[in-house]
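Enquirer: Sequence:
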Amino acid sequence: MSYLQFPRLAFFGDFQADASTVNNDPRHFDVGTFDPSYQQFREHGTNKDGYYLYNNGWWNPRGTGIMRFRECYVKSLRDQSGNFIGSSALDPLVGCKVGNALDSPSGKIVDLDPDWQFASNLYGLVVSITDTDGSPILVGDFEPNPFRDLWFARGAGNPSNENASAMFQSRLRLRPYSLSAIKSPFLKELLSATEDGYLSIRLTTYAFEGNVNLAGNLDNALNPRFGYGKLIGSIGPSRSDQPRSFILGRRFLPTTSNAAGDLASKNGIGCFSSFVDDEQNYFHVDLSNALPLNPTSGYRIANQGNLAFAVLHSESIKQDDSIESDQYTKLGLVDQTDQLQENEGGIYSLRLNPGQQKAMQGRPLAIVKLEGFLGNATVCVREVPNGIEVRPDTFAFKLDPNDGGENSKKIVLYATVYGEPLKNRTLSLSVGPKTPDTDNTPSNTPSTTSPPAPIPIYNEPQDGAQISPATPQTDQFGRAQVTLSGPTLMGTPRGYIDGQLYVIFYKLAGGGPLPQQPLDQIAVVVYSTFPSPFANQRIDVDNPTWADVQPILQQYANLYPVMSQGLFDFSKQPVADSAAFAMKFVFDKDINDPDHMPVTRDLSASKRRILINYFDNVIKNTGKNIDSQIAFGKRCPMRHFMDSEQTQSVTDVALTLGKKR
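Residue numbering for the sequence shown follows full-length UniProt numbering, starting at 1 and increasing by one per position.
No lab work stands behind these hints, which were simulated from the structure alone. Computed from a predicted model, the values in this text were never measured in an experiment. A couple of the hints might just be wrong.
[What the hints assert, rightly or not] Heads up, simulated EDC-like pairs for lysine to aspartate or glutamate below, C-alpha to C-alpha not over 20 Å straight-line:
#: 1; residue 1: Lys-410; residue 2: Asp-335
#: 2; residue 1: Lys-369; residue 2: Asp-335
#: 3; residue 1: Lys-188; residue 2: Glu-342
#: 4; residue 1: Lys-589; residue 2: Asp-542
#: 5; residue 1: Lys-97; residue 2: Asp-131
#: 6; residue 1: Lys-97; residue 2: Asp-393
#: 7; residue 1: Lys-572; residue 2: Asp-616
#: 8; residue 1: Lys-620; residue 2: Asp-593
#: 9; residue 1: Lys-409; residue 2: Glu-143
#: 10; residue 1: Lys-358; residue 2: Asp-321
#: 11; residue 1: Lys-589; residue 2: Glu-143
#: 12; residue 1: Lys-358; residue 2: Asp-326
#: 13; residue 1: Lys-330; residue 2: Asp-278
#: 14; residue 1: Lys-330; residue 2: Glu-342
#: 15; residue 1: Lys-434; residue 2: Asp-403
#: 16; residue 1: Lys-410; residue 2: Asp-393
#: 17; residue 1: Lys-572; residue 2: Asp-30
#: 18; residue 1: Lys-434; residue 2: Asp-520
#: 19; residue 1: Lys-330; residue 2: Asp-277
#: 20; residue 1: Lys-507; residue 2: Asp-393
#: 21; residue 1: Lys-572; residue 2: Asp-548
#: 22; residue 1: Lys-423; residue 2: Asp-393
#: 23; residue 1: Lys-409; residue 2: Asp-520
#: 24; residue 1: Lys-589; residue 2: Asp-577
#: 25; residue 1: Lys-589; residue 2: Asp-320
#: 26; residue 1: Lys-589; residue 2: Glu-406
#: 27; residue 1: Lys-620; residue 2: Asp-520
#: 28; residue 1: Lys-620; residue 2: Asp-540
[Said to hold, decoys possible] For each label pair, taking beta carbons as the anchor points, the in silico distance ranges come out as:
#: 29; residue 1: Lys-410; residue 2: Thr-46; range: 53 to 59 Å
#: 30; residue 1: Ser-178; residue 2: Lys-410; range: 34 to 40 Å
#: 31; residue 1: Thr-296; residue 2: His-44; range: 47 to 53 Å
#: 32; residue 1: Glu-279; residue 2: Lys-188; range: 17 to 23 Å
#: 33; residue 1: Asp-278; residue 2: Ala-89; range: 31 to 37 Å
The beta-carbon is built from N, C-alpha and C at its ideal position, and this holds for glycine as well.
Take these sequences, add in the hints, and give me the full structure.
Expert: If you want it as structure tokens, here you go:
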């Protein structure tokens, strides 16, 4: 069971993603060539020499990394039988607020790596449901999981932040709760249907406003929705035998691409997943990230006419084929209303009759556009070819040769055919070819003003990520397990960036590449060994000097100016030493803690340990005892700066920190 099935809760509202973008260009990691302009907003215009474009620190160089909900509310419920509940008179949970942590800072949104910005992850995100007077009903910790099915032009037009859309699927680990404060029959049903104190959750994000000024012009007024977008949420039961990050069911996949390179049908439908529930006789479809949007109507669904779900009678029928009534079985019409998106979590549940259920077995599913009165139709998008889907549950993570316990990772891949386990089949995994990161290293105009650091190349050396076995076999449940490991020693193949990125492809052994969403690969970062034996670095890890830690802090200060300019510049020893309590506190926090530093979460265990030891030694030299550190830890002074409810709006922060105008 998952968020897609019954019982489920739907919520809708806004989200804030205040990602810092200085590190979006990997060349900015080069301390030797870093320029202060990289901490300013992107600029463009015309001067005496003609048109100019300076990418600088991209669209949000002063971002805090905050990820949080804003004005999200429970819109509807579906009980165990599928009955729709859309009024608080029927269940008091309808209308309750879905918010953030009640007693800690906001969660953070972080890219896996500057060379792989297609798997942004959420850390320290807490999801709360509170009643009308603010009393907590349920609180759960979101297990970090990156977004999937990212596409850049869901809205009409060019690829952009505003037209992009993606979905996060994971689990909520419930904290202790009491239902005495609310008499919700649905909530009791939901909690009794789930396993092990977890709930399944999916967040779909779209219509994100990435222009700090109205109309994207730095001469215009500040944009009040800068850093905000729309959020569609769904929560349901969780089962331990199901993947956390995707739906193990029936996968729809366009075979054509739009101008942005997204897989999208000719009428703009993207990738999505569905599930056939044979026990309850329902077909559940997640359309929250699938249907095209109209930017001119506030990113509402762009109606595509008379669309229907169907079963194709032959695997040979392809996308865009014209078919007659005897070539498909109609299941039901596709809901393209705002009711579906904003009140039902973007999920459509269609009751099936026995004939429809039988027809769906071993045959491809599709969305067709009905033409005229004779039953003729055009196939808009259909299930993956031959019904075969292979996907890993864990698909973006880091390995660390500096910590033996973190230098290998077991992952599970799931293989299905028309929604059933693909048993006893051999899979094949391999590291992709070495690739220069031209996607994230744009040129300025004139090009001579572009960052001078060399463009990094990833996927080399090829043996930096080891796969065992590289050809695993699926079991009776269609699952295959592999272990990915880093080397004992890792150099710095990208020079100024710690470690290396590896993109791993997977498919059925003996066949060609699987048709899949373009970003459905496994992305792994392997940290560099530190101190580096290759560079003959001699550092006393227990007693590091300022010269040992300053380069690490300098890079962080460059890449995260909201700290170095908004609080204190810790790249300077007097400033850093005076804030030793704060620095040790945040560097010593667990990576899933919202207070963890660096926010970008891109330091190896050994670099973090050296920083902690340095600041610990500074503290000891002050003569203050451990009680001072404990007292400080009760309320980190950085918390108010990034607190989920007390932080100024991004617009206010823009004014306070002096966005370049």
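Enquirer: Could you check the structure against the hints above and give me the numbers of any it violates, in ascending order?
Expert: Numbers 1, 3, 6, 8, 10, 14, 15, 25, 27, 31, in rising order.
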